[in-house]
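There are 2 protein chains.
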Amino acid sequence: MNTNTTHLTDEQRIDWLRLIRSDNVGPRTFRSLINHFGSAREALARLPELARRGGAARQMRICGEDDARAEIDAGRAIGVSPVAPGEHGYPPRLALTDDAPPLLGLRGAPEPPMRPMIAIVGSRNASGAGLKFAARLSRDLGDAGFAIVSGLARGIDQAAHRAALDGGTIAMLAGGHDRVYPPEHEDLLEAMLESGAAMSEMPLGHVPRARDFPRRNRLISGASLGVVVIEAAHRSGSLITARIAAEQGREVFAVPGSPLDPRAAGTNDLIKQGATLVTEAADVINAVAPILERPVEVPGREPEHAPPDREPDAGDRARILNLLGPSPIGLDDLIRISGTSPAVVRTVLLELELAGRLERHGGGLVSLL
Amino acid sequence: MNTNTTHLTDEQRIDWLRLIRSDNVGPRTFRSLINHFGSAREALARLPELARRGGAARQMRICGEDDARAEIDAGRAIGVSPVAPGEHGYPPRLALTDDAPPLLGLRGAPEPPMRPMIAIVGSRNASGAGLKFAARLSRDLGDAGFAIVSGLARGIDQAAHRAALDGGTIAMLAGGHDRVYPPEHEDLLEAMLESGAAMSEMPLGHVPRARDFPRRNRLISGASLGVVVIEAAHRSGSLITARIAAEQGREVFAVPGSPLDPRAAGTNDLIKQGATLVTEAADVINAVAPILERPVEVPGREPEHAPPDREPDAGDRARILNLLGPSPIGLDDLIRISGTSPAVVRTVLLELELAGRLERHGGGLVSLL
Numbered sequence: 001m002n003t004n005t006t007h008l009t010d011e012q013r014i015d016w017l018r019l020i021r022s023d024n025v026g027p028r029t030f031r032s033l034i035n036h037f038g039s040a041r042e043a044l045a046r047l048p049e050l051a052r053r054g055g056a057a058r059q060m061r062i063c064g065e066d067d068a069r070a071e072i073d074a075g076r077a078i079g080v081s082p083v084a085p086g087e088h089g090y091p092p093r094l095a096l097t098d099d100a101p102p103l104l105g106l107r108g109a110p111e112p113p114m115r116p117m118i119a120i121v122g123s124r125n126a127s128g129a130g131l132k133f134a135a136r137l138s139r140d141l142g143d144a145g146f147a148i149v150s151g152l153a154r155g156i157d158q159a160a161h162r163a164a165l166d167g168g169t170i171a172m173l174a175g176g177h178d179r180v181y182p183p184e185h186e187d188l189l190e191a192m193l194e195s196g197a198a199m200s201e202m203p204l205g206h207v208p209r210a211r212d213f214p215r216r217n218r219l220i221s222g223a224s225l226g227v228v229v230i231e232a233a234h235r236s237g238s239l240i241t242a243r244i245a246a247e248q249g250r251e252v253f254a255v256p257g258s259p260l261d262p263r264a265a266g267t268n269d270l271i272k273q274g275a276t277l278v279t280e281a282a283d284v285i286n287a288v289a290p291i292l293e294r295p296v297e298v299p300g301r302e303p304e305h306a307p308p309d310r311e312p313d314a315g316d317r318a319r320i321l322n323l324l325g326p327s328p329i330g331l332d333d334l335i336r337i338s339g340t341s342p343a344v345v346r347t348v349l350l351e352l353e354l355a356g357r358l359e360r361h362g363g364g365l366v367s368l369l
Numbered sequence: 001m002n003t004n005t006t007h008l009t010d011e012q013r014i015d016w017l018r019l020i021r022s023d024n025v026g027p028r029t030f031r032s033l034i035n036h037f038g039s040a041r042e043a044l045a046r047l048p049e050l051a052r053r054g055g056a057a058r059q060m061r062i063c064g065e066d067d068a069r070a071e072i073d074a075g076r077a078i079g080v081s082p083v084a085p086g087e088h089g090y091p092p093r094l095a096l097t098d099d100a101p102p103l104l105g106l107r108g109a110p111e112p113p114m115r116p117m118i119a120i121v122g123s124r125n126a127s128g129a130g131l132k133f134a135a136r137l138s139r140d141l142g143d144a145g146f147a148i149v150s151g152l153a154r155g156i157d158q159a160a161h162r163a164a165l166d167g168g169t170i171a172m173l174a175g176g177h178d179r180v181y182p183p184e185h186e187d188l189l190e191a192m193l194e195s196g197a198a199m200s201e202m203p204l205g206h207v208p209r210a211r212d213f214p215r216r217n218r219l220i221s222g223a224s225l226g227v228v229v230i231e232a233a234h235r236s237g238s239l240i241t242a243r244i245a246a247e248q249g250r251e252v253f254a255v256p257g258s259p260l261d262p263r264a265a266g267t268n269d270l271i272k273q274g275a276t277l278v279t280e281a282a283d284v285i286n287a288v289a290p291i292l293e294r295p296v297e298v299p300g301r302e303p304e305h306a307p308p309d310r311e312p313d314a315g316d317r318a319r320i321l322n323l324l325g326p327s328p329i330g331l332d333d334l335i336r337i338s339g340t341s342p343a344v345v346r347t348v349l350l351e352l353e354l355a356g357r358l359e360r361h362g363g364g365l366v367s368l369l
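Residue numbers (the numbering used here), protein chains in the order written: chain A, 1 to 369; chain B, 1 to 369.
Heads up, a few of these hints could be off.
Identical copies look the same in the list; a pair holds intra-copy or inter-copy alike.
[Unchecked claim] Listed next, the in silico EDC-like pairs over lysine to aspartate or glutamate satisfying Cα-Cα at most 20 Å (straight line):
1) 272 <-> 283
2) 272 <-> 251
3) 132 <-> 261
4) 272 <-> 333
FYI, nobody ran anything at the bench for these hints, they're computed from the structure.
Excised from the complex, chain A in its bound form (with noise of 0.2 Å):
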């Protein structure tokens, strides 16, 4: 698959826009919804059957093709344009994390978001030496040609976007594209825009909450080799980050400090924890080198539709709702254990997702809401 290619007719975007705003649809459930009926299209036509059988409490909110063809128009008007995983302007390595973004608004240039990527974040009550350490840091991993990508946050973020300036630095935003966060960093963001670019899943008008923080670090942290944490304090939403980072699979950085600074405590703890000790910008570059060599191939989406052998019948469903409750538990003991079909598990899980009444982890585990 070319990772330079536009996948998705202007029908289709419509219809995977549609999909993913529409209620109890996230991620993973879009994802499955499109491996299980191939196209966004069919998954829309059936989704208020499967809510109804999952046991839905009222009808689902479908996202209506007015209301995405005018989010698309209005972000087109400030700049913005929806990218899918595999086109221009997606990061390629985010497009391989599980719970990618069916569709990511971006704005600003489309190359550096295709480059190797870098995430520095910290703690926003970041000291004098933090910053300076994260401009420096910075800029010499920009010079390297790695784009810095963080979440224009205060402190950290912002001494590592202001540094990597003229190499084009990428922002990942927790809400809407016109609802910048701190608002007193849009003058920042738009120095960034010339070279660089700003990136959310979230519609305009969509005023970032506490919960979208965490769901946007998987963002910085799925798109880069690699998360360097210049302080942070113990409990400290870089350590979020630093832990997302390492589930998915990405390096982790941590600038060591001395054991009096609580600033320190964070980034400390994730040495002791493995994390790689980072002095120079050659502690990271020497260990994301040997991940640079291997290629990054994203699968195109809308994949060749594989019917299931047959449809959920109401003992399938018994059994399996049986099986759920309040803690994890995975796709391949809920196969084994139901004794049944991989397709009719999935499909039973997909309603109840559906219905709102089931939630997705990471790993294939899945509890009841």
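Knowing the structure of chain A, use the given hints to seat chain B on it.
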């Protein structure tokens, strides 16, 4: 073997001191001589002949019985007891190193050197944070039952000793017991002697020279389960101690710091090379816990005498000398390539050593001087 009983008679102790104080006899040569001749007395009797056969340019100086007795008496007058490996007061782990001093002058309490030891070393020119952390770590490790060993230097050493005064802390000296360096730490040393100890392999009156400090550092690391380096610039003495510690199979610990702080450059490098990152005492305690469970068995000295099969002849000497050069070569290689018996090779090496023509390195390597 019991590690807590006296092994040497008074006569043997005099002989041991005479042997180690004679020209060209270092700890490794001492051990070779004792193993070869079965006793220091027998070795002393054979020294002149051995040195002559090895091609000594002039008569070698052998320490006389009166000189040895005078050194022991003068030491006793200021509270110094010469202890041998395996005797009470001689650090058991140090006794197992391959260049352990045959006699170590012990001043102060003999119990602390018998306890599990942790070395804390670091920059003389330490920061306030470094000194504070050294004191905290030293106190916490002391409270956990470890004896803290260091080098009585300014900066980190001093802070570590001072914080561990109550529990009994040990100073390894580079000079004689009456030549404390730096002189302004004489008061600290006096305070340490109440429940701790000072140890030196040097005779009274020996003023420490630059080369005595790395030599002394092997005592600090060798006596310990592990060495904690707190603040060390690139190419500093503490890094030498860390290197020796690693060669001796000791744990190496390092305290991280900001990449912008030159005093953390050495410790951050150590962590990159695999040292355990330390931010609290638990990091040290957890790492050494498995080692603590293994018993330390110090073999008794003056082994049964196994006389060599035959004395070397001129042909043996020529053959072995021919294989030696300025590059270190292993004993096993010498035996194999020369086709000569191990006992004969060892005797020839001893002869060369006593003639001042051979240097012994770690790992059984030797080179011609």
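Legend entry - Broken hints, by number: Hint check: 4 fails alone, others pass.
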